[in-house]
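The residues making up each chain are set out below.
2 protein chains.
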Amino acid sequence: MSTAKPVLTPGATIGILGSGQLGRMLVLAAARLGFKCHVFSPDPESPAADVAHRMTSADYSDTQALERFAAAIDVATYEFENVPATSATFLSKRVPVLPDPNVLATTQDRLAEKNFVAALGIPTAPFVAVSEAGELSPALAKIGRPAVLKTRRFGYDGKGQTAIGDGADPAAAWDGVGGQACILEAFVPFAREVSVVAARGQDGTVECFDVTENEHRDHILKISRVPAAMSATSAQEALRIADTIANKFGYVGVLAVELFVMRDGGLLVNEIAPRVHNSGHWTIDGASVSQFEQHVRAVAGWPLAKPVRRGRVEMINLIGSEIEDYRKWLTIPGAAVHLYGKTQVRPGRKMGHVTRVFAE
Amino acid sequence: MSTAKPVLTPGATIGILGSGQLGRMLVLAAARLGFKCHVFSPDPESPAADVAHRMTSADYSDTQALERFAAAIDVATYEFENVPATSATFLSKRVPVLPDPNVLATTQDRLAEKNFVAALGIPTAPFVAVSEAGELSPALAKIGRPAVLKTRRFGYDGKGQTAIGDGADPAAAWDGVGGQACILEAFVPFAREVSVVAARGQDGTVECFDVTENEHRDHILKISRVPAAMSATSAQEALRIADTIANKFGYVGVLAVELFVMRDGGLLVNEIAPRVHNSGHWTIDGASVSQFEQHVRAVAGWPLAKPVRRGRVEMINLIGSEIEDYRKWLTIPGAAVHLYGKTQVRPGRKMGHVTRVFAE
Numbered sequence: 000m001s002t003a004k005p006v007l008t009p010g011a012t013i014g015i016l017g018s019g020q021l022g023r024m025l026v027l028a029a030a031r032l033g034f035k036c037h038v039f040s041p042d043p044e045s046p047a048a049d050v051a052h053r054m055t056s057a058d059y060s061d062t063q064a065l066e067r068f069a070a071a072i073d074v075a076t077y078e079f080e081n082v083p084a085t086s087a088t089f090l091s092k093r094v095p096v097l098p099d100p101n102v103l104a105t106t107q108d109r110l111a112e113k114n115f116v117a118a119l120g121i122p123t124a125p126f127v128a129v130s131e132a133g134e135l136s137p138a139l140a141k142i143g144r145p146a147v148l149k150t151r152r153f154g155y156d157g158k159g160q161t162a163i164g165d166g167a168d169p170a171a172a173w174d175g176v177g178g179q180a181c182i183l184e185a186f187v188p189f190a191r192e193v194s195v196v197a198a199r200g201q202d203g204t205v206e207c208f209d210v211t212e213n214e215h216r217d218h219i220l221k222i223s224r225v226p227a228a229m230s231a232t233s234a235q236e237a238l239r240i241a242d243t244i245a246n247k248f249g250y251v252g253v254l255a256v257e258l259f260v261m262r263d264g265g266l267l268v269n270e271i272a273p274r275v276h277n278s279g280h281w282t283i284d285g286a287s288v289s290q291f292e293q294h295v296r297a298v299a300g301w302p303l304a305k306p307v308r309r310g311r312v313e314m315i316n317l318i319g320s321e322i323e324d325y326r327k328w329l330t331i332p333g334a335a336v337h338l339y340g341k342t343q344v345r346p347g348r349k350m351g352h353v354t355r356v357f358a359e
Numbered sequence: 000m001s002t003a004k005p006v007l008t009p010g011a012t013i014g015i016l017g018s019g020q021l022g023r024m025l026v027l028a029a030a031r032l033g034f035k036c037h038v039f040s041p042d043p044e045s046p047a048a049d050v051a052h053r054m055t056s057a058d059y060s061d062t063q064a065l066e067r068f069a070a071a072i073d074v075a076t077y078e079f080e081n082v083p084a085t086s087a088t089f090l091s092k093r094v095p096v097l098p099d100p101n102v103l104a105t106t107q108d109r110l111a112e113k114n115f116v117a118a119l120g121i122p123t124a125p126f127v128a129v130s131e132a133g134e135l136s137p138a139l140a141k142i143g144r145p146a147v148l149k150t151r152r153f154g155y156d157g158k159g160q161t162a163i164g165d166g167a168d169p170a171a172a173w174d175g176v177g178g179q180a181c182i183l184e185a186f187v188p189f190a191r192e193v194s195v196v197a198a199r200g201q202d203g204t205v206e207c208f209d210v211t212e213n214e215h216r217d218h219i220l221k222i223s224r225v226p227a228a229m230s231a232t233s234a235q236e237a238l239r240i241a242d243t244i245a246n247k248f249g250y251v252g253v254l255a256v257e258l259f260v261m262r263d264g265g266l267l268v269n270e271i272a273p274r275v276h277n278s279g280h281w282t283i284d285g286a287s288v289s290q291f292e293q294h295v296r297a298v299a300g301w302p303l304a305k306p307v308r309r310g311r312v313e314m315i316n317l318i319g320s321e322i323e324d325y326r327k328w329l330t331i332p333g334a335a336v337h338l339y340g341k342t343q344v345r346p347g348r349k350m351g352h353v354t355r356v357f358a359e
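First to last, the protein sequences are chains P and R.
Residue numbering for the first sequence follows numbering that gives the first Met the number 0, beginning at 0 and increasing consecutively.
Residue numbering for the second sequence follows numbering that gives the first Met the number 0, beginning at 0 and increasing consecutively.
Isolated chain P (complex conformation):
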């Protein structure tokens, strides 16, 4: 049943696994188009629950709750890629799930993801699988230093990864990531980090937003800028890569492809996020259609829109205590302020963002 492609009518209910700010913005976009949303997550008080028509608070592995959820919705999707693939598969036997749960199985495992990308002939940083402590030394010998050891599963915002520099002790790095199955990646001296947010509709149409340049701070996205400072040829190639990946997955919905741009303009795929993405938040104010609406259109079986950018755009994340800056941002002409309704401020937590659109 996971291959069923539903076409929703207004008033239908979209189920969303996960209830963070991505879910919140998906709910708001779905509401614009006349849909109701039912959010499923372990957190009863959460950004998406505030605006959802209904909320199921249960563990992702609670099959009884998933049964009831499936019966109450017309299609399911996710805002969070670490939903257990088994839960998504369980759901997909009862209700259409988009994108297909098979995509999760690939993107939840860095090794599977890298192999998937490499099989498409798309360059990535050199990598080697490291399944146990003993495999790290030969891997380092092959990849060279500096290198980055990354857990295969559950990494985000720099979590689950550690650099191995010239003098570093590999054993400490192995312990640092918790002694889990990893990959060892060459550290690539990239010039910039960019991403492509792409939507693929049920009819196979792919619509990409313009390539976005991303600046991180402490491994967390701080600023996105569009257009990215790169050659038109590199930008075209980045879009082609995203298009290729979306098509190969038979993807339905929005995904993001993160890439490194090398000094010579060459591109390496860093990772794939099978969901709407922080680097696409600028599209709410900076484009004629948002990544969230594109995702809703896709999972609803509706035609995608052709995004038109409204100017040069900058998106600034409000992280941790930076949330207090909202007062300043409210007074800055043209600044669009987005707050996620999170009550607890924690260091590194994404609390909101601001978008600015400038004439190009």
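Just to be clear, a hint being listed does not mean it is correct.
Intra- or inter-copy, both count: the list cannot distinguish identical chains.
Computed cross-link-like contacts, DSS-like style, restricted to lysine-lysine with a CA-CA straight-line distance of at most 30 Å [claimed, not checked]:
#, residue 1, residue 2
1, Lys221, Lys305
2, Lys327, Lys305
3, Lys327, Lys4
4, Lys305, Lys4
Hint data in this document are derived by calculation from the structure and do not stem from the laboratory.
Guided by the hints, dock chain R onto chain P, whose structure is given.
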């Protein structure tokens, strides 16, 4: 307590009286800014209830329900001007209510509204109060034909009004509007109908959106166009009128002033809507800030934004069975489709709207 001016912090709860599409779009704008909304209305299944954090389904005169509502919110506002002024006043003794309920008392009564406008030295169509059947003939003699008989209360979308042309029987007109207290207005041969949507903040700042030209069909707004086809001088005067009215009310929030533009460029105020307004829907996609966000900013005690229009804008209402056109609109480049989640299609019912922004 109604004069208390709250300054909300993100996470606070805004209470909204009324639960139609205006409430829905207010909830969506409030959510963007990190607020929760609690909607109060007699209709449990309604456009705003779909997206609200909480919903109280009760009659507007249910004081026990209003008590509980007041205790659960930080500020109250309305999306619907026919909320009983007594209910708003009752609430205002328990929680700040913005705009002030006194405004409702004026705008709910066409006679009080006309007198309020006239007292500001702002022109309106000539009018006379008609309190009983016997007053209609002398009123007609004074105003002349054609004239329009309008009930003082509860009129919208052409309801509660009837024209009295050359051959028409005044008694039939009186019966036609239900024999209620009315005003008789001269029919003015206007060139166009326009509106100004204005926001006034707690600090007294007024920010107007550009004058909007409105085309009605069967007394229901069909198309809004911005900018309105009128001289810069007339447009400036329209903004000045809205500013004067907002200030005189000591208004907090968004209001709309509907005006007639005469052939010589002169302006007559037709009516005042003390709420966000259908003719301001274009601002969601066509301006740097929407009327809904301006209203939320105002009632939250936050600074207003300075709206910048993104181009020439057209807003088309989807009325009754026109909702079926959403499929067509979804494929039209640059068309932003908004559906209100109403399950029942009825003739004359506003089901959604479409906004198109063009380069100017």
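Against the structure shown, which of the earlier numbered hints fail to hold, in ascending order?
Of the numbered hints, all hold.
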